[in-house]
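J.: Take a look at the letters that make up each chain.
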Amino acid sequence: MKTLISSMVASLLLVTSWASANAVDNEEFVSNGGLSSLRGQSELNDTKQAEQLKKQVKDDKVIDRNYVHQPPLIPHQIRDYQVDLKSNKCLSCHGWKFAGQIGATKISPTHFETADGLTLSDVAPRRYFCLQCHVPQADAPPLIANDFKAVDALDAANSSR
Amino acid sequence: MSDNNKTGLIARLWQLFSKPAKIATGAVLGMGFIGGILFWGGFNWGMEATNTEAFCSGCHAPIVEEIQSTIHYSNRSGVRAICSDCHVPHQWTDKIVRKVQASKELVMHFIGTIDTPEKFEARRKHLAEREWHRLKENDSLECRNCHDFQFMDFTEQGKRAVTMHSTSLASGDKTCIDCHKGIAHALPDMSGVEGW
Chain A
1 MKTLISSMVA SLLLVTSWAS ANAVDNEEFV SNGGLSSLRG QSELNDTKQA EQLKKQVKDD
61 KVIDRNYVHQ PPLIPHQIRD YQVDLKSNKC LSCHGWKFAG QIGATKISPT HFETADGLTL
121 SDVAPRRYFC LQCHVPQADA PPLIANDFKA VDALDAANSS R
Chain B
1 MSDNNKTGLI ARLWQLFSKP AKIATGAVLG MGFIGGILFW GGFNWGMEAT NTEAFCSGCH
61 APIVEEIQST IHYSNRSGVR AICSDCHVPH QWTDKIVRKV QASKELVMHF IGTIDTPEKF
121 EARRKHLAER EWHRLKENDS LECRNCHDFQ FMDFTEQGKR AVTMHSTSLA SGDKTCIDCH
181 KGIAHALPDM SGVEGW
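Those protein sequence lines, which keep their order, are chains A and B. Under the UniProt record's numbering, residues 1 to 161 are what the first sequence spells out, in order. Under the UniProt record's numbering, residues 1 to 196 are what the second sequence spells out, in order.
Because the hints were derived from the structure by calculation, they are not lab data. Beta carbons: idealized from backbone N, C-alpha and C, even for Gly. Take the hints with a grain of salt, since some may be wrong.
Said to hold, decoys possible - Below, a list of computed lysine-lysine pairs in the DSBU-like style, where the Cα atoms sit at most 35 Å apart:
1) A:48 - A:106
2) A:149 - B:136
3) A:97 - B:136
4) B:119 - A:97
5) B:125 - A:89
As the list claims (entries may be wrong) - To spell it out: a stretch of chain B is covered by chain A in this simulated footprint if at least three of its residues, at any positions, have a beta carbon under 8 Å from a beta carbon of chain A; those stretches are:
6) 37-50
7) 54-64
8) 154-160
Claimed, not checked - If you want a taste of the chain A side facing chain B, the calculated C-beta under 7 Å gives, among others:
9) 43
10) 47
11) 56
12) 80
13) 87
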């Protein structure tokens, strides 16, 4: 009887000590060591309040390019614009057939060239999915301040001086 | 005594039903009136019951899903257009005509003309073209039931919208569906469609 009780107490002690040791381990594991990142300074197991969703720029002027060969940005809303194998909503304004009549920016002739340098009569498959390069804009401040400046030749703010 | 009473009852009933009573006209009119309300109410209730989103998605579930990401379903103001707002005419006579036409679609449903997603995709263009044609013919009536051109405030619209609406739409040259295809459902293969 004595041995039974003592063995039970011993096993209980063992289990509690193991559990508490484990808890300490976990705390160490989730500690970020005082680092702060884009998410701010928060522990890994904390769930922070999500940022508010940013609003897409609905209708703006053409946005200046910042460097040569930069894909022009989309200065308007594109909600529900279907671009897939069946249809391409972008091209129904920006395609050569319609751009003039609608007053939209024409897609560049480079989009008609295949990887082998052949010029096709319509948009080349590798350039078909507009949103791979051209993106709409949101009214969001940069996550990290930076001093990026556009190439002089393209910077409209500089050209007026 | 009891025999007398019995014949008396039968005779009385015979008299009651063979001779016009004083309240007969009123009773018939009243019954007709109440019956009319019940029938008309029931009929309209039935029509409305077949106009709900729940009823439509009973068979058209995949295509009802497609509208859910679009502006006609999820938007800031909480106004929602359901299937019947666009696909069933609002005017009574037109509505009845459409409901009768729909009985053909019931037959098609039960013989399984379109009972797999593949069959639906194969016929999507045909089905879409029918709806585009219908809206073109009635000058996009179902759009205009909510979007009245007379009430459009161009100062509240985007530049692109103003350009189109103040020219082609204002002159009657184009109607809503000419440009606004695929606003509530995924588009079919658009090759060969005007404007694409």
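J.: Which numbered hints does this structure break?
T.: Structure breaks hints 1, 2, 6, 7, 9, 10, 11.
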